[in-house]
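Chemist: The task is to assemble the complex, starting from two chains supplied on their own in separate frames and drawing on the hints.
The residues making up each chain are set out below.
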Amino acid sequence: MPKSKENKPKKNDTESDGPESDPFVLFRNYSKQCESVGIEANETIKKVLCQNENPNSICQLLIFPQDNSTALSAAGCRALVSAILGECNDCDAGKYTAFKEIRICNSNIGDEGAIALSRLLSKCDGIDQKCLYLELPDNFIGTRGALALGRSLCCGVSILPYSPHHSFDHP
Amino acid sequence: MNKTLLTLNLDYNTTLGSDGLAALSRGLRVNSTLQNLSLRFCGIDEHGGQYVSNILAFPKTCIASINMEGNQLGGFGLLKLCPGLKSNATIRSICLADNKFKPTDVIALECFGETISKHETLTEVSIVRNIIGNDGGLALSRHLEQNKKITSFKVDTTLSSKIYEVLSRIPVSEKKKGKKKASKKK
Numbered sequence: 000m001p002k003s004k005e006n007k008p009k010k011n012d013t014e015s016d017g018p019e020s021d022p023f024v025l026f027r028n029y030s031k032q033c034e035s036v037g038i039e040a041n042e043t044i045k046k047v048l049c050q051n052e053n054p055n056s057i058c059q060l061l062i063f064p065q066d067n068s069t070a071l072s073a074a075g076c077r078a079l080v081s082a083i084l085g086e087c088n089d090c091d092a093g094k095y096t097a098f099k100e101i102r103i104c105n106s107n108i109g110d111e112g113a114i115a116l117s118r119l120l121s122k123c124d125g126i127d128q129k130c131l132y133l134e135l136p137d138n139f140i141g142t143r144g145a146l147a148l149g150r151s152l153c154c155g156v157s158i159l160p161y162s163p164h165h166s167f168d169h170p
Numbered sequence: 000m001n002k003t004l005l006t007l008n009l010d011y012n013t014t015l016g017s018d019g020l021a022a023l024s025r026g027l028r029v030n031s032t033l034q035n036l037s038l039r040f041c042g043i044d045e046h047g048g049q050y051v052s053n054i055l056a057f058p059k060t061c062i063a064s065i066n067m068e069g070n071q072l073g074g075f076g077l078l079k080l081c082p083g084l085k086s087n088a089t090i091r092s093i094c095l096a097d098n099k100f101k102p103t104d105v106i107a108l109e110c111f112g113e114t115i116s117k118h119e120t121l122t123e124v125s126i127v128r129n130i131i132g133n134d135g136g137l138a139l140s141r142h143l144e145q146n147k148k149i150t151s152f153k154v155d156t157t158l159s160s161k162i163y164e165v166l167s168r169i170p171v172s173e174k175k176k177g178k179k180k181a182s183k184k185k
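One line per chain: the protein sequences are Y and V, in this order. For the first sequence, numbering that gives the first Met the number 0 assigns the number 0 to the initial residue and increments by one for each residue that follows. For the second sequence, numbering that gives the first Met the number 0 assigns the number 0 to the initial residue and increments by one for each residue that follows.
If we strip away everything but chain V, and leave its shape as in the complex, we get (with noise of 0.2 Å):
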């Protein structure tokens, strides 16, 4: 019985797919020790919601980090995998970018605004590239600004640029770097 292991890294395993987080899984959701889960660019689908949401909603787990980067949940993966995220209390990092959110996913969106406007430990939160057009940022912006303690909200720069203020949170030591890179062009 392991009661080491802190970070699992399993990115570009292209071949473990849904099935292979729902074998995953099995385990994870009654994991007490693991902090940090990377599953970038692994052929997670839509049914993978699922699992990441079995595997949050396990009330001793500890994870801190969950990296889903790359892969493929999509609108209904993003549905299923807010009920474990609103349960889970340890949680301050989540990465969706590039997870094929599509703009007629306004439902999940607002589900997953709704679900992260009232979370308390979450503090960081990427959904870059992601296409969601106006009507999902607006979704998730009706949301997003009742919860102060995130304070990094990484968002595709594809929305208007209105929309784009609105949701976008980048910590200040990001900016910091950001305009020290800038002066340094100079």
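Next comes chain Y alone, as it looks inside the complex (with noise of 0.2 Å):
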């Protein structure tokens, strides 16, 4: 007999997953990409990583810097995703799994940050990412990084060759 769903005891969405879902861990891995790179690690993203005063997980990762000096960069944002994906050699742990919200303002992330959300976004399967919001303005993205977050976005049909100035009649 198949057992009812509802008797299973429902996940809480702030519930610690392990070290999957720790956030020192994440900002311990994401400082060692920073590192390998050659850049400084992100004050704003070490206060939401490592200065929450909650021990659960974190869903959201808001970056508003108040500056130039703490804005993320695209090398920064390149290596958060890193982190966030477990894609580093020396990783502790596999990917940073909790993250529903995402909101990157006036960061410079530009196509290249762009680009490496969208590596993200596509690899939000509903099953282990799970990101519901994506929120980047003021970044100077462009057509390049726009092509990469749709195409992340896109559900694998694609019906027409891409051309910026091409006219569709028929939509």
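Hints are not guaranteed to be accurate.
Unchecked claim - Beta-carbon label-pair distances, calculated as ranges: (1) V/Cys61 with Y/Glu86: 48 to 54 Å; (2) Y/Gly125 with V/Lys147: 36 to 42 Å; (3) V/Ser116 with Y/Val36: 36 to 42 Å; (4) Y/Gly93 with V/Pro170: 46 to 52 Å; (5) Y/Asp91 with V/Thr156: 54 to 60 Å; (6) Y/Cys87 with V/Pro170: 47 to 53 Å; (7) V/Ser172 with Y/Arg102: 57 to 63 Å; (8) V/Ile169 with Y/Arg102: 29 to 35 Å; (9) Y/Gly125 with V/Ile169: 37 to 43 Å; (10) Y/Lys46 with V/Ser151: 27 to 33 Å; (11) Y/Ile38 with V/Phe75: 32 to 38 Å.
Honestly, the hints are just simulated from the structure, not real lab data. Every residue, glycine too, gets a C-beta built ideally from N, C-alpha and C.
Modeler: Shown next, in the form of structure tokens:
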């Protein structure tokens, strides 16, 4: 007889899932990534991941720098995504799977940062990664970044070839 | 393959432009999970209307709100946007505020009016900060009165008071807020 779904204990969204959703481990991995590319770890990310009173995993990442010196930049964004996806060679544990909301505002991540984030989006299959909300205002994202973001959100069926000046009379 | 993202906000990326929207739409026109798309102040010109239309026209789209405030779609962009909006059956809110619609864009406004007059799901429309003139307002009003499902329709206050009254629809909740603020001031 199949077990009823209602009898299964529901998993709390903020409940810790082990090292995969430990913000401290994520920060350690992010710092390693930053070190390997010769940049300093972003102070805002440090605050969000390490100085949170809530010991459970953090679902929301909000980066809103007060000035340019604390902006994430494209390299910082790449390092962060690599750490989230657990792609670095010496990463402790694997992926960080708890983020549901990512808001990176005014951080000069540009096309390269958007391309990095699109790699994260393309891994959001609803099983491991479950990012529901992505906000990237004022980040100098252009055509290349938009193309990468679009591709990551594509459901796999490409109907028409890409041309920015193409006019589609029959959408 | 992404199956989770519900909201994408790329506001104030002025480097995006219509080419960026074209690139983005390449994926979004076959996306069936995204519900909210915000592209405010992204430097999108009149060519962008076609790409918004492409996104909206996908039969399996889940788009519920789209915010294009502060771009430069103009009359041509609005005209190109209409076919996609017409065939869409999920959108509830569309914001086209501050998009350089002019009093001479009567044909585009007429087409937009006709599109929304028969729309089944649309409940919120904003075209504030567009100087559409009384002729443009009249072109819209002829069609808008047919659709009672639209509970919020925001237009610019530069219209004559008569046309403004016919066109403008403010939800009850916002009216109450306004009254509360006014009473607090007293």
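Chemist: So, for every hint listed, does it hold in this structure?
Modeler: We went through each hint and held it up to the structure:
1. V/Cys61 with Y/Glu86: 48 to 54 Å: 30 Å Cβ-Cβ, so the 48 to 54 Å window is violated.
2. Y/Gly125 with V/Lys147: 36 to 42 Å: holds (38 Å)
3. V/Ser116 with Y/Val36: 36 to 42 Å: violated (56 Å)
4. Y/Gly93 with V/Pro170: 46 to 52 Å: holds (47 Å)
5. Y/Asp91 with V/Thr156: 54 to 60 Å: holds (58 Å)
6. Y/Cys87 with V/Pro170: 47 to 53 Å: Given a distance of about 50 Å, which is inside 47 to 53 Å, the answer is holds.
7. V/Ser172 with Y/Arg102: 57 to 63 Å: Violated: the Cβ-Cβ distance is about 26 Å, outside 57 to 63 Å.
8. V/Ile169 with Y/Arg102: 29 to 35 Å: holds (30 Å)
9. Y/Gly125 with V/Ile169: 37 to 43 Å: Distance hint for Y/Gly125, V/Ile169 holds at roughly 39 Å.
10. Y/Lys46 with V/Ser151: 27 to 33 Å: violated (39 Å)
11. Y/Ile38 with V/Phe75: 32 to 38 Å: This hint is violated: roughly 44 Å between Cβ atoms.
Violated hints for the displayed structure, listed by number in ascending order: 1, 3, 7, 10 and 11.
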